[in-house]
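Heads up, the sequence shown is in my numbering, so the first residue is 1 and it goes up one at a time.
Hints may contain errors.
[Stated by the list, open to error] Pairwise CB distance ranges, derived in the manner of DEER restraints:
1) 46 with 25: 22 to 30 Å
2) 84 with 144: 53 to 61 Å
3) 93 with 64: 21 to 29 Å
4) 17 with 83: 30 to 38 Å
5) 82 with 112: 13 to 21 Å
6) 17 with 63: 18 to 26 Å
7) 62 with 89: 18 to 26 Å
8) 15 with 93: 43 to 51 Å
9) 132 with 83: 40 to 48 Å
Quick caveat, the hints were computed from the structure, so don't treat them as lab data. Source: prediction; values computed, not measured. Glycine included, C-beta positions come from ideal geometry on N, C-alpha and C.
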Amino acid sequence: MERVPGGRSAGGSRQLVQLIDDHGPAVLADLLRYYGVDLRDLWRDGCDLTPRYVFWLVEHLPADSATYAAMKGGPEFRPWTIDTYLIAQIVNMLAVANHQRAGKRIRKMPIQPPKPKVTTAQKKRRGRVVRVSDMNARRALARQINESSK
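Work out the full structure: start from the sequences and follow the hints.
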């Protein structure tokens, strides 16, 4: 493991440098917001902050962090919070109420604002449907194989 000046261990520094090069502003903002850690302390003399420690903090940032969104592709991948969903629902309900009050003057329903993008990892995976008859047939086949191997 490499050593940095001052005799401290430099574990995780390559990965951290790559992360800072790719998403530096987001990492800096998130470390300050969630942990109160200033990333610039890594390069200040007399500070106990190590690259490995910073990398561990970054690994455990919540899903609504700017770093998480930047790594997924940008701020549009930042998930909505409960507050955001509630405000969007209020806006939608007000738009519908205004549409209803307008009567026949407006025929089109109001446009719904877009929801946050869902990545493939966030989509719910559906289980496959297996009929009971298929399960019984597989069990019978397994029994036959077990009996014939004895």
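Okay, the hints, checked on the actual structure:
Residue 46 and residue 25 have their C-beta atoms about 25 Å apart, which keeps the hinted 22 to 30 Å range intact. Between residue 84 and residue 144 the C-beta distance comes to about 57 Å, which sits within the given range of 53 to 61 Å. Checked against the hint of 21 to 29 Å, the C-beta distance between residue 93 and residue 64 comes to roughly 24 Å, which is consistent with it. Taking 30 to 38 Å as the suggested C-beta distance range, the pair residue 17 and residue 83 conforms, at roughly 35 Å.
As the Cβ distance of residue 82 to residue 112 is approximately 19 Å, the hint placing it in 13 to 21 Å holds. Checking the proposed 18 to 26 Å range against residue 17 and residue 63 shows it holds: the Cβ atoms sit about 24 Å from each other. For residue 62 paired with residue 89, a C-beta distance near 23 Å keeps the hint of 18 to 26 Å intact. Against the hinted window of 43 to 51 Å, the Cβ-Cβ separation of residue 15 and residue 93 comes to about 46 Å, which satisfies the hint.
A hinted range of 40 to 48 Å holds for the C-beta pair residue 132 and residue 83, which are about 45 Å apart.
The structure fails none of the hints (numbered hints given earlier).
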